[in-house]
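Asker: So the chains spell out like this:
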Amino acid sequence: MEETFTYRLWRYDGAQGELIPLLQSAQEHFGYIPRRAIKYISAVTGIPEAAIYGVITFYSQFRLQPMGRFVIRVCDGTACHVSSSRMLIDAIQDELSIEVGGTTADGLFTLTTVACLGCCSLAPVMMIGDETHGRLTPASVRRILKDVRRKAAEAPSESPKPACGVNP
Amino acid sequence: MKKLVVGMGTCGLSAGAQASYDRLRELSQGSECGLSITGCIGMCFREPLVEIREEGRRVIYGEVTPERASEIWNRHVLGGELVSDWVAASWSGGEAGGSERDFLALQKRIVLRNCGIIDPESIGEYEEQGGYSALRKVLFDMTPAEVIEEVKASGLRGRGGAGFPTGLKWSFAAASPGTVKYLVCNADEGDPGAFMDRSVLESDPHAVLEGMIIAARAIGTGHGYIYCRAEYPLAIRRLETALAAARGRGYLGGDILGSGLSFDIRIKQGAGAFVCGEETALFASIEGERGMPRIRPPFPAEKGLWQKPTNNNNVETYANVPWIITNGAAAYAAIGTENSRGTKVFALAGRVARGGLAEVPMGMSINDLVMGIGGGIKGGRTFKAVQMGGPSGGCIPASLGETPVDFENIPKTGAIMGSGGMVVLDDTTCMVEIARFFLEFTQNESCGKCTFCRIGTLRMLEALERITRGEGRAEDITLLEDLAGKIKEASLCALGQTAPNPVLSTLRYFRNEYETHILEHRCPAGSCLALVEFRIDPGKCTGCTLCARNCPVAAISGERGKTHLIDTAKCVKCGRCLSSCNFSAVLKA
Ligand SMILES: Cc1cc2nc3c(=O)[nH]c(=O)nc-3n(C[C@H](O)[C@H](O)[C@H](O)COP(=O)(O)O)c2cc1C
Ligand code: FES
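Protein chains in written order, with the working numbering: chain D, 1 to 168; chain A, 1 to 589.
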């Protein structure tokens, strides 16, 4: 699962069922799925671009736009929902001035929601990159965001940690 | 000789177990005391957990921050003293203690037999607990037909939601003609509020692998897939480690243990689509397509993955199998109720005091689960209902708390067993809003194939949104009931067929809440933003001005350092003041 996108493409031998793993590694490589990756995959596998596009848009994991350096995934599963996850989302939207699905102007954060991260007993929960934070309140969320922002300013060159779902 | 064991499941890690582990590693360096990791023991509400094992005694400490870790090291490990304030559970000379004693004592652990006990990354520790001995028995002392008979006799039913008898399912796949067959493990666990499968995969991956290899022998297949959702990176990592170790020991691959059976397993990652938990959609997804359900028949046992005979079971179903083979079908069938044998793992979450994983004999009452094991409601509030079965399920009111939890009795209430997610609701939860929440979920996750599922759920969602905004119409309840019936009838897969359940069950038990929203424009639980008023608690307000600065319509007034006031006439109830206040001074009611 740790091969790079180009290696996977090169190794492709016509085996069935490789499209989704290829798209997953493209997204890991580029941070999203750029047009040219769709072209490469289509050329190598012979699957029409339109069909690939159809698969990409079906699965919520795939993105056609670049994402911020830190992907925030706020859980809005049942347990988190009844523990006021909506207030966390409001607080983040307010703190970062973006809507769900949006990316901050400085390219630092992308805000998404997800239905259940499987940590329901620590609800409400969110992930920033591959770190899970539990037992949150609007105030603690704002604090965490400020922390991440400060650390990012201190270490601008450090490469972003990929978000879990993107990281095969 | 003492040994320290740190709980490092996703729940432990997100509560900060890594830092505690690092601290203990530093401290234990050069000492005789061992240090290892384990998965989740189920007490997620006390994470991070650290256990100390020594001759004749086991002690589990809760909420172990690095600071507590140091103190426990000094006082318990070096000083031999029990730090009783932090003990979650302990066993000493057959005597159980600790504040969460009941949580574990009321359980019967079969699936979770090794969870929180062994190091999930060590195949040796699994073997020490008797792991892979069931496989040897199956390979060398039993015929495939005997294995199927044994599973049938145990009464095991699928734990993925539908409760189909597992032995019977295996016999179909075994009887299906063809040399190429597939075995699939459904680890997509999409129900929000369910995390049993994640825990099992993270804490005891070999139990699932062993169950799968036994199934492969019984059915006669060489290729297995585990379809795991991508939101579970740690489960995937531990599965990969386990697969490599099992191959190394000759439990997977060609000619397994010299028995002539060849079988291997590949992991496929989901890509974020709830409907892919439905088995035919799951097959489409493994094949690299849009995950759309397929028409049945043909059933998977005839034509499943790649159009070949396929057997698909849930994670927990497979994890039961080695225990059944080792201990015998009769021992398993002796647990539980007439038609629901054995145990079931439940994920307790929501407003319950002790949120975590619990495995109990089938037939335990909801009250025993929520009040006994779960310790009642958080913050001493009132138990209102429990949501079971996720978006396909329903809400069971507290008044039916004596209902036994099994495949017969839960459906009678209008909910379903589902995969085992139990979200506990208290008096602050609005039942219309919960129904709206689930409809929004299924609306989003509908693959779009069936018109009623795609459009019908949207119309229902619109009606529910109207009602929660206080704009509900008198005829909306009839509209909801009418649409519900049609969607159930005209949808191809269970996603659509069950989508109206959350609405129907809340209408059945909490119809008055719908009516209060529609007729009186009031939300009895004080949860629907549009129907509540915001106020500032003068006792808590510090006059920091943050809410006033955040208010988009300038409805909040007050000088710095003085109590602020919300002008309810101007207020648009966006809730920003509430979410911005650092002192919990904004109230809604
Ligand atoms: C919309 C939908 C989602 C489902 N999600 C899951 C799931 O996440 N995990 C699972 O094991 N079964 C899920 N199922 C049930 C599967 O289709 C299938 O019945 C099950 O995996 C069979 O395994 P079992 O016999 O061991 O229960 C889902 C079904 C539907 C209709
Ligand atoms: S509902 Fe949020 S982690 Fe499960």
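Source of the hints: derived by calculation from the structure; they are not laboratory data.
Don't be surprised by glycine CBs; every beta carbon is placed ideally from N, CA and C.
Keep in mind that the hints are not guaranteed to be accurate.
What the hints assert, rightly or not - Below, a sample of chain A positions facing chain D; criterion: calculated Cβ distance under 10 Å: (1) Leu-13; (2) Glu-189; (3) Arg-229; (4) Ala-230; (5) Glu-289; (6) Met-292; (7) Arg-351; (8) Gln-387; (9) Phe-437; (10) Asn-444; (11) Phe-452; (12) Gly-526; (13) Leu-529; (14) Ala-530; (15) Arg-576.
Asker: Hints first: check each against the structure and report whether it holds.
Answerer: Right, here's what the structure says about each hint:
1. This hint holds: A:Leu-13 has a C-beta 7 Å from the nearest C-beta of chain D, less than the 10 Å allowed.
2. Interface hint at A:Glu-189: satisfied, since its Cβ lies 7 Å from the closest Cβ of chain D, which is below the 10 Å cut-off.
3. For A:Arg-229, the interface hint holds, the least distance from its beta-carbon to any beta-carbon of chain D being 8 Å, beneath 10 Å.
4. Proximity of A:Ala-230 to chain D holds as hinted, the smallest CB-CB distance being about 4 Å (cut-off 10 Å).
5. Interface hint at A:Glu-289: satisfied, since its Cβ lies 7 Å from the closest Cβ of chain D, which is below the 10 Å cut-off.
6. Restraint check, A:Met-292 versus chain D: the minimum CB separation of about 8 Å is within 10 Å; hint holds.
7. Taken as an interface hint, A:Arg-351 checks out: its beta carbon lies about 6 Å from the nearest beta carbon of chain D, inside 10 Å.
8. Hint status for A:Gln-387 relative to chain D: holds, with the closest Cβ pair at about 6 Å, below 10 Å.
9. Below 10 Å, beta-carbon pairs count as interface contacts, and A:Phe-437 has one with chain D at about 6 Å; its hint therefore holds.
10. Look at A:Asn-444: its Cβ gets to within about 8 Å of chain D, closer than 10 Å, so that hint holds up.
11. Checking A:Phe-452 against chain D by beta carbon gives a least distance of about 20 Å; that is not within 10 Å, so the hint is violated.
12. The beta carbon of A:Gly-526 is not positioned within 10 Å of any beta carbon in chain D (closest approach about 12 Å), and the interface hint is therefore violated.
13. Here the hint on A:Leu-529 is kept, as its CB sits about 8 Å from the closest CB of chain D, short of 10 Å.
14. The beta carbon of A:Ala-530 is not positioned within 10 Å of any beta carbon in chain D (closest approach about 13 Å), and the interface hint is therefore violated.
15. Given the 10 Å rule on beta carbons, the hint for A:Arg-576 holds: about 6 Å separates it from the nearest Cβ of chain D.
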